[in-house]
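Chemist: Going down the list, the sequences are from chains A and B. Following the numbering used here, the numbering of the first sequence begins with 1 at its first residue and continues without gaps. Following the numbering used here, the numbering of the second sequence begins with 1 at its first residue and continues without gaps.
Covered by chain A, per the in silico footprint, the following chain B stretches (three or more residues, Cβ under 8 Å):
{"no.": "1", "segment": "28-35"}
{"no.": "2", "segment": "39-46"}
Beta-carbon label-pair distances, calculated as ranges:
{"no.": "3", "chain 1": "A", "residue 1": "Val48", "chain 2": "B", "residue 2": "Arg133", "range": "42 to 52 Å"}
{"no.": "4", "chain 1": "B", "residue 1": "Pro62", "chain 2": "A", "residue 2": "Ala38", "range": "19 to 29 Å"}
{"no.": "5", "chain 1": "A", "residue 1": "Gly37", "chain 2": "B", "residue 2": "Pro56", "range": "16 to 26 Å"}
{"no.": "6", "chain 1": "A", "residue 1": "Gly37", "chain 2": "B", "residue 2": "His132", "range": "32 to 42 Å"}
{"no.": "7", "chain 1": "B", "residue 1": "Ser127", "chain 2": "A", "residue 2": "Glu59", "range": "40 to 50 Å"}
{"no.": "8", "chain 1": "B", "residue 1": "Ala43", "chain 2": "A", "residue 2": "Arg41", "range": "15 to 25 Å"}
{"no.": "9", "chain 1": "B", "residue 1": "His132", "chain 2": "A", "residue 2": "Leu40", "range": "32 to 42 Å"}
{"no.": "10", "chain 1": "B", "residue 1": "Leu125", "chain 2": "A", "residue 2": "Val12", "range": "53 to 63 Å"}
Hints are computed from structural coordinates only; laboratory data are not their basis. Because the structure is a prediction, the values reported are computed rather than measured. Backbone N, C-alpha and C define an ideal beta-carbon position, used for all residues, glycine too.
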Amino acid sequence: MSPASIDDIEDVDPGLARERTELAWTRTAISFAAVGGALLRSHPAAGVPILALSLLIWELGRRPGKPGTGHARARHL
Amino acid sequence: MTSAASPTGPAATPRPGKEREPDARFTFANERTFLAWSRTALALVVGGLAVAQLLPPFPGVPGARHIIGIPLILLGAAVAVFSYAEWQANQRALRRDEPLRRSPLPRFLAATIAVIALLAAALALLSAVTSHR
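Starting from the given sequences, assemble the full structure and let the hints guide the process.
Modeler: Right, dumping it as structure tokens:
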């Protein structure tokens, strides 16, 4: 399917699975960031690594695949 | 749960013992489930820490905050580990086109939270009784 013929995002991402999964990763990253931010004031030594972890989680959730392929990067076990 | 047959993907039936890339939507769904369990685990850990560190002491019951908080933290750790194992098992089943196994996690989580809630209620009651004597 060429990009010019795409007029509905559902055609390239059925069920918006990729979109919803990216949002789930973002929610998880925000959860970790919130905990890290809350800990920063009282326990900076614990808060900073958790904030860094939230950045890592956010980065992990970003998909490098081409739009329309419907596949994330391979999740091999 | 149902078999991992693909509704749209390039789902040629694999030969026995062979693995193939499952439909992306199943992979994504499995990943979202794992992330939801991870957030639950994080919430349990934070809840346990909050109980142990921020809650005022229970009058007459020393150590009550830790009795409630530490099991919550341990439960969070267990949920994180089990959810990863489950993601892995589900992904393997999807690749092999096998039925997904039933998850013990919801029952485990519900039972443990119920026990902790009963424990918390008992400690609160005990604290109320001893502090009014």
